[in-house]
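Colleague: Could you put the whole structure together from the sequences, leaning on the hints where they help?
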Amino acid sequence: MTGRSGFAAWLGALAVLVFLGAAVPYGPLAGSIGWSIALFWGGFGLAVIVLIALGAAGWRDR
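Anchor point for the sequence shown: position 52 equals 43 in the working numbering, and the numbering is continuous, going up by one each time.
Derived by calculation from the structure, the hints in this document are not laboratory data.
Don't take each hint at face value.
Just the calculated beta-carbon pair ranges, DEER-fashion [claimed, not checked]:
hint : residue 1 : residue 2 : range
1    : G46       : P16       : 39 to 45 Å
2    : S23       : G46       : 19 to 25 Å
3    : F10       : A48       : 32 to 38 Å
4    : V41       : S(-4)     : 16 to 22 Å
5    : A(-1)     : A44       : 16 to 22 Å
6    : A4        : L30       : 32 to 38 Å
Ideal Cβ positions, reconstructed from N, Cα and C, are used throughout, including at glycine.
Modeller: And the structure:
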């Protein structure tokens, strides 16, 4: 990530991820049992790891 535009994109992705983490389990997956919930949370966790790695890669000490 470079500059403010990179941070804005990262922050936007974070906002989308937080929204999906709250909306999907209580929306489309409400009442579901089994693999669909496990796959969602597995994908969500992987997306969080990737987002943190991208944010840490762009970190600069000033």
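Colleague: Against this structure, judge whether each hint is valid.
Modeller: Going through the hints against the structure:
1. G46 x P16: 39 to 45 Å: violated (24 Å)
2. S23 x G46: 19 to 25 Å: Since the Cβ atoms of S23 and G46 sit about 31 Å apart, the hinted range of 19 to 25 Å is violated.
3. F10 x A48: 32 to 38 Å: Hint violated: Cβ distance 24 Å, outside 32 to 38 Å.
4. V41 x S(-4): 16 to 22 Å: holds (19 Å)
5. A(-1) x A44: 16 to 22 Å: The hinted range 16 to 22 Å holds for A(-1) and A44, with Cβ atoms some 18 Å apart.
6. A4 x L30: 32 to 38 Å: Roughly 20 Å apart at Cβ, these two residues miss the hinted range, so it is violated.
In this structure, the earlier hints numbered 1, 2, 3 and 6 are contradicted, and the remaining ones agree with it.
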